[in-house]
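Novice: In order, the protein sequence lines correspond to chains Z and U. Residues in the first sequence are numbered consecutively from 1, following this note's numbering. Residues in the second sequence are numbered consecutively from 1001, following this note's numbering.
No lab work stands behind these hints: they were computed from the structure. Don't take every hint at face value.
What the hints assert, rightly or not - Derived SDA-like pairs (lysine to any residue); straight-line CA-CA distance at most 25 Å: (1) Lys1245/U to Gly12/Z; (2) Lys245/Z to Val1103/U; (3) Lys1245/U to Asp99/Z; (4) Lys202/Z to Gly1100/U; (5) Lys292/Z to Ser255/Z; (6) Lys197/Z to Arg1184/U; (7) Lys197/Z to Ser1011/U; (8) Lys202/Z to Lys1077/U; (9) Lys1197/U to Gln187/Z; (10) Lys1197/U to Ser255/Z; (11) Lys245/Z to Lys1077/U; (12) Lys202/Z to Lys1202/U; (13) Lys197/Z to Glu1092/U; (14) Lys1197/U to Lys245/Z; (15) Lys197/Z to Asp1008/U; (16) Lys77/Z to Ile1312/U; (17) Lys1202/U to Asp99/Z; (18) Lys197/Z to Gly1012/U; (19) Lys1245/U to Tyr102/Z; (20) Lys1202/U to Glu92/Z; (21) Lys197/Z to Gly1320/U; (22) Lys1202/U to Asp8/Z; (23) Lys1077/U to Gln187/Z; (24) Lys1197/U to Lys197/Z.
To be verified - Listed next, the stretches of chain Z that the computed footprint assigns to chain U, with coverage defined by at least 3 CB atoms under 8 Å from CB atoms of chain U: (25) 125-132; (26) 158-164; (27) 250-264.
To be verified - Part of the chain U face toward chain Z, derived, beta carbon under 7 Å: (28) Pro1009; (29) Leu1057; (30) Glu1189; (31) Leu1190; (32) His1192; (33) Gln1195; (34) Thr1319.
Small disclaimer: the values here were computed from a predicted structure and weren't measured. Backbone N, C-alpha and C define an ideal beta-carbon position, used for all residues, glycine too.
As a plain string of letters, each chain reads:
Number of protein chains: 2
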Amino acid sequence: MISELRRDPTSGAWVAIASARSRRPSDFRIIHGEQKTGTCPFCYGSEHMTPPEVFALGRKIEAPNAEGWQVRVVPNKFPAFSLDYEGSVDIESHTDGQDGLYVSIPAVGIHEVVVESPEHDSTFGEHSEDQMEDILTAIVTRFRALREDDRLKYLQAFKNWGRQGGASLSHSHCQLIAVPIVPREIQVELDHARQHKDRTGKCLYCQTVEEEIEGRERVLEESEHFLAFCPYASKFPYETWIVPKRHNEAFEEISRDELADLATMLHQVVRTFELAFDDVPYNIVWHTAPWKGDFGAYYHWHLELLPRLATIAGFELGTGYYINPTAPEVAAAALRESMPGHAEG
Amino acid sequence: MISELRRDPTSGAWVAIASARSRRPSDFRIIHGEQKTGTCPFCYGSEHMTPPEVFALGRKIEAPNAEGWQVRVVPNKFPAFSLDYEGSVDIESHTDGQDGLYVSIPAVGIHEVVVESPEHDSTFGEHSEDQMEDILTAIVTRFRALREDDRLKYLQAFKNWGRQGGASLSHSHCQLIAVPIVPREIQVELDHARQHKDRTGKCLYCQTVEEEIEGRERVLEESEHFLAFCPYASKFPYETWIVPKRHNEAFEEISRDELADLATMLHQVVRTFELAFDDVPYNIVWHTAPWKGDFGAYYHWHLELLPRLATIAGFELGTGYYINPTAPEVAAAALRESMPGHAEG
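Excised from the complex, chain Z in its bound form (with noise of 0.2 Å):
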């Protein structure tokens, strides 16, 4: 059966119940925040042990769901959404009639895995540079398959690593789930954008990325493409945006050498926090437009690499609003020391 999609009325927000992955309290004694041993299904020789998957790089032959592959892509084994539903997905045809206190929709999308690599022990910053860009590739290709689905309004694609992070499997992967409504960061997202380009005729992202290669105080790292910062409001110690020099708004339409750049350019910065810190928890965040509607002029797609060395509490729950002990200038001073190449001065 398909899971729910609940809108709160206190606050407007969407929550998937995901009754496959339904939990008592004593199951919890179990998980609370370890990660799962035994055999992986991630590693060659257990590719039975997912769904068919349905992409994959890297095969000298043809032969699906067997070992070869390079990067692999399957369909979450308890997935929080699914397109198993026929039928609408309009808010409208499934509210009840308690003054919109109880409104659900089928919890339509998809959930998918990226496997980054046959290695099950190799991090991010560990992989190859080409291995890099086959994980973008596999990315930006199930992008551009899934956009085609007129119900999926959104995908989100991004990376949990750590137990603080969010991972409960240690091989590494990133994660795709598309959404049938527009996520409401990313709404914010584009009205605050929407609302600068109207005040300024500037895009805030383009703005944003001559600002810091003018200022240099909060930059890690400059590409031909690319430019990493630690931005001005970082909610979290050490945070880190990568954002494209190129205004546009989809991700999916990144060329291939923007690619190639971005390959390099995470990378070299997931591989400077690794070496900044003893096994940092952190989680890469895609944002990119909606799937749906003209938001050329004014949104501008970016990564943020968020590391999670502190913890979101009561504080950040009740206001939204962090408290970050590291300001970002701080934050990008002392990566770049850690930047693999950097002179000891």
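Please build the complex by placing chain U on the supplied structure of chain Z, with the hints as guidance.
Specialist: Just chain U now, with coordinates in the frame of chain Z:
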């Protein structure tokens, strides 16, 4: 020097850059989620280890900062917010010339700790009901005192419990952070409550209480003045809200009878969580009206107990939406079975 509040131009969210807590990469190695050990600053005999108290209950004689207290409120030793600033906190007087990219105001506010009990090892659910009443009395007293300061717009009261709940000290305590801007999450709730009132003529929260009492399947406990239930769109597994039956926008307007009733209810609910789970991390978050403005017609204060059994990760950070593996109906049924005094069978 006072911390900075910086505004994220892409989302409008504010971040407190708390320089007094500045941390380089190597500092995170030791705090990486572990609770501090050593002499506890919240025990009898350690009163000199905290800044001088601003409120205390329970001493037989008037002797500030001596032993003998039952509840003690002290300024945070490393406050993210401080009143140590003369002058305006208007945003307009602090904008730069860069089209609003870099806006910062002084982090004017207060940051206090409510030490709940002299007993180092007593959990929230192990305190006596009298103790719970004293804790709530201390909090409401601070609400009433701090709302007199014109520069403060909102007081966020909360409790962090357990490592994954963000508690860095194990001696049970609550925290109070007063801020010079209305938090984003509260503004979202105000907007939704106002819209619901405009559309239906009803208070969103009053109506929810009525519907939940009628339906019962998500109800955990009902008392004379409060209802405890797992909300329809619970973001977290086993999330539980405590909502007053009497319509009122502000926690600090709670009556003496209601406060005693809330002490009993909160004690019972937290005790239930302690019995149902093995050492559950959680946050308790107060939701109440801002201090400037007229929200009485539509807003309704309440408490949210948010168990931290699932990790906030890439999907949640990217979208602002949550995946909850436990339907609130299942959660409420399981919690009812764990309630103190529940007869098995």
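Novice: Next, verify each hint and record whether it holds.
Specialist: Here is what the structure says about each hint:
no.	hint	verdict
1	Lys1245/U to Gly12/Z	23 Å, holds
2	Lys245/Z to Val1103/U	23 Å, holds
3	Lys1245/U to Asp99/Z	19 Å, holds
4	Lys202/Z to Gly1100/U	12 Å, holds
5	Lys292/Z to Ser255/Z	21 Å, holds
6	Lys197/Z to Arg1184/U	22 Å, holds
7	Lys197/Z to Ser1011/U	14 Å, holds
8	Lys202/Z to Lys1077/U	43 Å, violated
9	Lys1197/U to Gln187/Z	24 Å, holds
10	Lys1197/U to Ser255/Z	49 Å, violated
11	Lys245/Z to Lys1077/U	43 Å, violated
12	Lys202/Z to Lys1202/U	43 Å, violated
13	Lys197/Z to Glu1092/U	20 Å, holds
14	Lys1197/U to Lys245/Z	45 Å, violated
15	Lys197/Z to Asp1008/U	16 Å, holds
16	Lys77/Z to Ile1312/U	20 Å, holds
17	Lys1202/U to Asp99/Z	9 Å, holds
18	Lys197/Z to Gly1012/U	15 Å, holds
19	Lys1245/U to Tyr102/Z	20 Å, holds
20	Lys1202/U to Glu92/Z	21 Å, holds
21	Lys197/Z to Gly1320/U	24 Å, holds
22	Lys1202/U to Asp8/Z	17 Å, holds
23	Lys1077/U to Gln187/Z	38 Å, violated
24	Lys1197/U to Lys197/Z	33 Å, violated
25	125-132	violated (count 0)
26	158-164	holds (count 5)
27	250-264	violated (count 0)
28	Pro1009	6 Å, holds
29	Leu1057	22 Å, violated
30	Glu1189	5 Å, holds
31	Leu1190	10 Å, violated
32	His1192	6 Å, holds
33	Gln1195	9 Å, violated
34	Thr1319	3 Å, holds
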